[in-house]
Every structure is written in structure tokens, then in C-alpha cells.
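On the provided structure of chain X, position chain C as indicated by the hints.
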Amino acid sequence: MKAAVVVFPGSNREQDVIRALRVGTGHEPVKIWHADADLPAGTDLVVLPGGFSYGDYLRCGAIAGRARIMDAVRAHAARGGLVLGICNGFQILVESGLLPGILMRNAQLRFLCKMQHLKVERTDTAFTRAYAPGQVIEVAVAHGEGNYEADEETIRRLEGDGRVAFRYCDAAGLVGPETNPNGSTHSIAGIYSEKLNVLGMMPHPENLIEDLVGGTDGLGLFRSLSAA
Amino acid sequence: MKARVTVTLKNGVLDPQGKAIEGALRSLGIEGVDSVRQGKVFDIELSSRDKAAAEAALKTACEKLLANTVIENYRVEIAG
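Just so you know, the protein sequences line up as chains X and C, in that order.
Residue numbers for the first sequence follow our numbering, beginning at 1 and rising by one.
Residue numbers for the second sequence follow our numbering, beginning at 229 and rising by one.
If we strip away everything but chain X, and leave its shape as in the complex, we get:
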């Protein structure tokens, strides 16, 4: 499993995700710069880490979504290569056209920074096969713009094709307005591309890989990827 982590000006979670990949997959990822034209040969997985690329100027992820490396990332995804975007990485994926919809300002207008339960919607993808069906995991959320919105037709297609990856819920797995932290449509916390090879998610599994710092519920995602 060869992973490349793309660093943009203003990325700040790249070390967290590099560590999670190292621990979860047993392989050392490489860090690449946004202005590079190509991915390292043989890259299986591209990771767009969290942070505030370009200071969130214009719209979150808008400028990074048009960075030079993104052409290579789009080509990688079109070949069926794996792409994971976390938090700002998810915002970059929607701005670059790799995933549909958009992340709007949280409905309560507050930056959220807390632990959050998620329901793993399916466990037959490259990103989630180490989880149990219907599993509820607890990871961190830290975002001001995580309110997933798309037009009705897109939402219908995402739901119909099983492309919702994670939903916000409570410890018992209850999904609803009272357990939705940011107003996302259908409590969506993460979505897949059509071929299930691109995953964008607002929560941070990379920060929950050690009992010492709150739990290991995020590790399953990186263990899943070790088979890629």
C-alpha cells in the first residue's frame, strides 16, 4: 500500500494522517507538495489532509481544488485509484469536482470541536472493511463548514446508490435532527464517489488511533486501507 499525502499551504493535519497511515497500514506514506505535477509512481492512495488550505479564502477548499496536483489526483481517481479527503480535504474534493455537493457553514454558525459518534453505513469498501456492519464509532469533529448540502437529485442518487459512507448519530446509533451536529442533509458525514474509490468525510479518524489520546475507533479506516 503506497500512500501519498498532499500538502497545501495551510494544511495542518498532514502529520496526524501520516502517523495514522503508518500505524494502520504498516507502510510509510510520502508527502507531496500541491505544486507538483505528478504523483509518485505506483501510488495506491492519495490523501488530502485537514487544515485551512489558502486560509479558507474565497470558499473552503476552492483554491486548493484548482491546484496543479489536482489534475493528477483526478486522473488517479479516474483510473480507479483510491482518494481520501478528510475535513478540509473533503471540501477540496467537492470543490475539485471529484465529489458532488458542497460543505456549507454549520447551521448553528459555530465552529465545532468535539467528539462525535458516526454510523458506518457500509463495510464492503476499501475504506471500511475492517469495521463491523452497522458499527457506531466515536471520532473527533473540528470544522466550521461541514454542513453537507446538494440538490435533491444528487441526494437521491447518493442514497439510492449507497454512497453515504458515514452519518452523524449518537452512541446508540440514532440518526436524526437531535444527533446532527451541523445541519448536514440526512446527517451525512462522508460520501463516496460513484465507484466507491473516493471518500470525503468531515470527521477526523486520524486523531483516534491511540487509547492514550481518546480511543482507537479511527484506526479501522486505516487498517481497511492496508489491504489496498
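Quick caveat, the hints were computed from the structure, so don't treat them as lab data.
Some clues are possibly wrong.
[As the list claims (entries may be wrong)] Covered stretches of chain X (chain C as the covering partner; in silico rule of three or more C-beta atoms under 8 Å from a C-beta of chain C):
no., stretch
1, 46-58
2, 149-157
[As the list claims (entries may be wrong)] Here are some of the chain C residues that sit facing chain X, going by a computed Cβ distance under 8 Å:
no., residue
3, Pro244
4, Gln245
5, Ala248
6, Ile249
7, Ile258
8, Asn296
9, Val298
10, Ile299
[Stated by the list, open to error] Derived DEER-like restraints, expressed as beta-carbon distance ranges:
no., chain 1, residue 1, chain 2, residue 2, range
11, C, Ile258, X, Gly176, 51 to 59 Å
12, C, Gln266, X, Asp124, 39 to 47 Å
13, X, Cys113, C, Arg254, 50 to 58 Å
14, X, Met115, C, Gln266, 28 to 36 Å
15, C, Leu242, X, Gly173, 25 to 33 Å
Since we're looking at a predicted model, the values are computed, not measured.
Here a beta-carbon is modelled for each residue, glycine too, at the ideal position from N, C-alpha and C.
Below, chain C alone, put in the same frame as chain X:
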């Protein structure tokens, strides 16, 4: 040549910032405000003297970067 690009949220897209501003205006006692939608304005200086070419370039700029057409509309105005 000077141009102004205005980017606004499409109808039906929830605008929590606009709502908060609307509430703040009411709390200031400013009367008659039915609703507020927040948008963005870009003032752009162009080296081109050809109005049609400038319009076409700005349209491309809007489609590619300035607006996210999933949720936003844009308007290009060229002075003169």
C-alpha cells in the same frame, strides 16, 4: 477597464450568515427588513480594451473559480 463580479447564493440555498445578519439588523431596531442574503463582490481591473473578450474571460473566471455554481449565481458588469 474595470469590472465588478457579484456572486450570490441561489434561491433556496440556506444562508445561515444572512439569517444571523437579518436578526442583528432587527435587534438594532432597523425596521422593514424582510430578509438578508449575503454574497460577495469582486472588483477586477482588466488590461483588455475589448469588452466582449473581457466579458468572456470573466465568465470563465466565474465558472472556474469565483463562483461555485452548485450553490451560487454570478453577475458580470463592465464599466464603460
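If you take the shortest Cβ to Cβ gap from Ala248 (chain C) to chain X, is it below 8 Å?
-> holds, 6 Å
Starting from the hint 25 to 33 Å, judge whether the C-beta atoms of Leu242 (chain C) and Gly173 (chain X) obey it.
-> The hinted range 25 to 33 Å holds for Leu242 (chain C) and Gly173 (chain X), with Cβ atoms some 27 Å apart.
Minimum Cβ distance from Ile258 (chain C) to chain X below 8 Å?
-> violated, 20 Å
Restraint check, 8 Å cut-off on beta carbons, for Ile249 (chain C) near chain X | Check failed: Cβ of Ile249 (chain C) comes no nearer than 11 Å to chain X, outside 8 Å.
Do three or more residues from the stretch 149-157 of chain X put their C-beta atoms closer than 8 Å to C-beta atoms of chain C?
-> Satisfied; 3 residues make the cut.
According to a criterion of three or more residues whose C-beta lies within less than 8 Å of a C-beta of chain C, is the stretch 46-58 of chain X covered?
-> Violated: only 1 residues of the stretch 46-58 of chain X have a Cβ under 8 Å from chain C.
Using the C-beta atoms of Gln266 (chain C) and Asp124 (chain X), is the stated range 39 to 47 Å upheld?
-> The hint (39 to 47 Å, Cβ to Cβ) holds, given that Gln266 (chain C) and Asp124 (chain X) are roughly 42 Å apart.
Closest C-beta approach of Gln245 (chain C) to chain X relative to 8 Å, hint status = OK, holds: Gln245 (chain C) within 8 Å of chain X, min 6 Å.
Under 8 Å, Cβ to Cβ, is where Pro244 (chain C) needs to be relative to chain X, so tell me if that hint holds or is violated.
-> holds, 5 Å
Range agreement (Cβ of Arg254 (chain C) with Cβ of Cys113 (chain X), hint 50 to 58 Å) = Since Cys113 (chain X) and Arg254 (chain C) have Cβ atoms about 30 Å apart, the given range 50 to 58 Å is violated.
Is the shortest C-beta separation between Ile299 (chain C) and chain X less than 8 Å?
-> holds, 6 Å
Val298 (chain C) as chain X interface residue, shortest Cβ-Cβ below 8 Å | holds, 5 Å
When held up to the earlier numbered hints, the structure conflicts with 1, 6, 7, 11, 13 and fits the remainder.
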